[in-house]
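Engineer: For the record, the sequence lines run as chains A and B. Take 1 as the starting number for the first sequence in this note's numbering and just add one per residue. Take 1001 as the starting number for the second sequence in this note's numbering and just add one per residue.
A portion of the hints provided could be inaccurate.
[Unchecked claim] In silico DMTMM-like cross-links for lysine to aspartate or glutamate, where the CA-CA straight-line distance does not exceed 20 angstroms:
no.: 1; chain 1: B; residue 1: Lys1160; chain 2: B; residue 2: Asp1118
no.: 2; chain 1: B; residue 1: Lys1106; chain 2: A; residue 2: Asp218
no.: 3; chain 1: A; residue 1: Lys95; chain 2: A; residue 2: Glu51
no.: 4; chain 1: A; residue 1: Lys95; chain 2: A; residue 2: Glu66
no.: 5; chain 1: B; residue 1: Lys1055; chain 2: A; residue 2: Asp218
no.: 6; chain 1: B; residue 1: Lys1052; chain 2: A; residue 2: Asp264
no.: 7; chain 1: B; residue 1: Lys1043; chain 2: A; residue 2: Asp264
no.: 8; chain 1: B; residue 1: Lys1055; chain 2: A; residue 2: Asp253
no.: 9; chain 1: B; residue 1: Lys1177; chain 2: A; residue 2: Asp148
no.: 10; chain 1: B; residue 1: Lys1052; chain 2: A; residue 2: Asp253
no.: 11; chain 1: B; residue 1: Lys1052; chain 2: A; residue 2: Asp218
no.: 12; chain 1: A; residue 1: Lys95; chain 2: A; residue 2: Asp77
no.: 13; chain 1: B; residue 1: Lys1055; chain 2: A; residue 2: Asp264
no.: 14; chain 1: B; residue 1: Lys1043; chain 2: B; residue 2: Asp1065
[Claimed, not checked] Stretch by stretch, here's where chain A covers chain B in the computed footprint (C-beta under 8 angstroms, at least three residues):
no.: 15; stretch: 1044-1051
no.: 16; stretch: 1098-1112
no.: 17; stretch: 1128-1142
[Said to hold, decoys possible] Some chain A residues judged to face chain B by a derived CB distance under 10 angstroms, without partners named:
no.: 18; residue: Ser113
no.: 19; residue: His176
no.: 20; residue: Asp183
no.: 21; residue: Asp216
no.: 22; residue: Ser267
Keep in mind that the hints were calculated from the coordinates and are not lab data. Yeah, the Cβ is synthetic: ideal placement off N, Cα and C, and Gly gets one too.
Take a look at the letters that make up each chain.
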Amino acid sequence: MWKAQPFELVLEVGIAPAPSGLEYVLRRSINEICVWDSQTKETAILNTGTEATVAFTSTTRTAWGECQTGGLSGAADLDFVARATATTTDVCTDKIHFYQFTSIIIGLSGEVSAGGSPYANGMYNVATALYQAGYDVHYYDEDVVGADGSGDAYDEVVSAIGARGVETVAIYGHSHGGGSTYDLAEHLDGNRTSIGTFSISFTGYVDAIENDGYADTDSESRRPPSTSHHMNYYQPIGWLHGVPVAGANTNLDVTTTTWGAGLDHTSIDNNNTVITHVSTQLRNKTNP
Amino acid sequence: MNTRLILSSLYLSVWLFSAFGASNRTETPQLSKRPKVQETISKAVRAGHTAKRDKLQETVQPYVDDLNSLTDGDRVALLKQMALYLAEADSEAEVMGGSGLLGHLKFSNEEKIQAALDLLAEQSPAMQEVVRDGILCMVDRPQGREPDFSPYLPVLRKQKEGSGLLIQYMYEVSPEKAKTFLQRNGITVKTPKQEMK
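Okay, chain B solo, but in the shape it has when bound (with noise of 0.2 angstroms):
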């Protein structure tokens, strides 16, 4: 007898992707490292660290440059490379320097969403706290007060691939508000069928 594990509250019909995305993280390529773009990252985070307030556009710009070319203007792609580069900072002046080209790179929510997206699939501890504390927050917490998820709906209504994976963040974040939101805009979230003997 085939039976559908469902795993809902009677009001939230979200199925949800099999342990939350675990099965299929294993398809999800591994972000890497491409040397130029994290190379000038890292130039461009220190010489906006000691820029001149007056001087930091002028200052930072060739290297905005630099990075938009390398990424082929992906800005996604850059976000991730971002990503990594704040996941391996090693010192305080990476972590809030790295923090600062990313604030002023001015990444929108939806292309904050769509690199979390893929990276909220990847493993490392260090990478989960910057998607989670270093984008997702900024998009749904700005101003660091009640969360508001309505920036994920539009993805949450095609069901783009690591959607499972984004409300568990959202979960985490919030149970009671996630379960609200969801309800309200009845996203539905299909998954593969798991059959229980």
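The shape of chain A in the complex, shown without the other chains (with noise of 0.2 angstroms):
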């Protein structure tokens, strides 16, 4: 059994009231979820039934669900649609798709500079990439992983086996980002006894520099331990290149490559090609 959280929706409509002929409804698939006017309940929009008619005044109305008694056994929608009255028949539908995730996802951006953001790195779009098609993915700043792969990064995976019922873990990096990978997964692996069943799926680095410190410029060429799957990507230009990784599933210099030829350490985590190759590897073997 799983616990959805309490959530606001916000439902916004084009045209109200409902034109004549058309009827805008709630629809739920399991009785678990429920509906409210308010975030204190006095008056329930969806709680019996599988369905209840929505009026609009304006064309938006803020409503409250919550996952009721003790939890969801499996996955669930809450459907907004607006309906022919006549037919019965759904117009148009939108959707709110409730499941349990089973992994986790840990991103990790390369060095960022004094007042630079660790969301110009291009592991934040494959971070985007993943949130939107459904991960449960936790981007960091590099420096959250310490050289012995502890810190806040850790934490949350051992929070989510723990207390979340993840088994699955993925990671991800560029620059010491991907020298950090190398340091979680080395941590996580070394503590099973401590945190649980979980398995390595997807590991990934995009030129991958050992993260020893700040000024460590060797070039990360271990790959992770337990993991299933290593993908490596990497350059070999300039002081900062990665290598190619012994026993990785991928190895790729993007320089021989029509689409990376140009490439170099500060500009490969922004290449659309390897932003999509990353996002996708890991969603091929990993399930959200």
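Put the two chains together into one complex, using the hints given.
Structural biologist: Right under this line is the structure:
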């Protein structure tokens, strides 16, 4: 059993009130999903049956949802429908899909300059794509991972496994974030006894550099311990460059491709093809 | 009645500089940028960041020669200018390229420690990050594992200026290991007496 957190629901329609011959309806797939007109639950909008008509005096209406009783045993849907009254056919629908995360994704930026932002790193675009695909993504500045793998990202993974029933971990990062991907995977693998049961389904390096300190410039060449699938994209230019990783499922020097020929250490993470490939390969190996 | 204030454990007879060097920081001249050196560092970073691997050495060497010339072969002075560059880097390319140049210049532990003794007194958070995570970290945790403070022993034994801040740094990295290390090596840092009424 799992329980969704109470949530605010902003319903928007193009025309209010509903035009003649049309009605707006909230429909639930299981009875545990309830909708109220306020956070304090004075009046139920949908608390009995499988659906309820919703009146609109303006084009937006705020409601509050919750997972009632003990929790959900599987996935559930809450649909917002514009329906033809005469035929009861749906004209258009929107949906909230409730499901339990089975995985946690950790994304790590490269080094960030003073006043800079980890969100400028292309690994954030990967995180955004995964979030929009329904993954539980946690994105960090690589500094949150200590050289021994401990820190906020590690704590989040441990919490997800211990308290939220998560069974699968995926980690990726650019530059020092790649080195920290190794450090985090190693720390998780070394503490399995205390953490609980989990697998590492995917790890990804984008021009990975070991992260034993701010000025560490050694290429990361180690395959993260116990990962089921390791992707390694790198470029060979300049002081800072990744290298092939023995045992990686993918080793690609991007400068040998037509789309990556001009990339260097600080442009590789923002390349659209790299972003897409990290996201796609992770999704292929990891369920939300 | 005069009482000597001793901030130490039973095992560790380290008398700390007043507020661990806070008062003598005012005597430390502020590190200033040397424009020509900074400009050359910037050029070297850009060149090294995009040089092909087999051309890296020959691409960067003219800049390295210039840097050595501009600093009269004073490697500690050069390292301090490198630290200034990194502390003010405002892009990922400058941070990582600067780190690349830092690694390329292959400063010895002695040079790093000597530069750090001066730089630890700098107040800027960015400089503190560079000194702690960029310079000293690579002295005491070159492989990112348990800290090994033994490279600091010679300067601690000589009680060079800045030793108090170095000890403070060691305690921040690992209080237990710092305490054990100092105790085992009998390090005692003499300080100006503080008087209490």
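Engineer: Sort out which numbered hints this structure fails and list those numbers smallest first.
Structural biologist: Those not satisfied: there are none.
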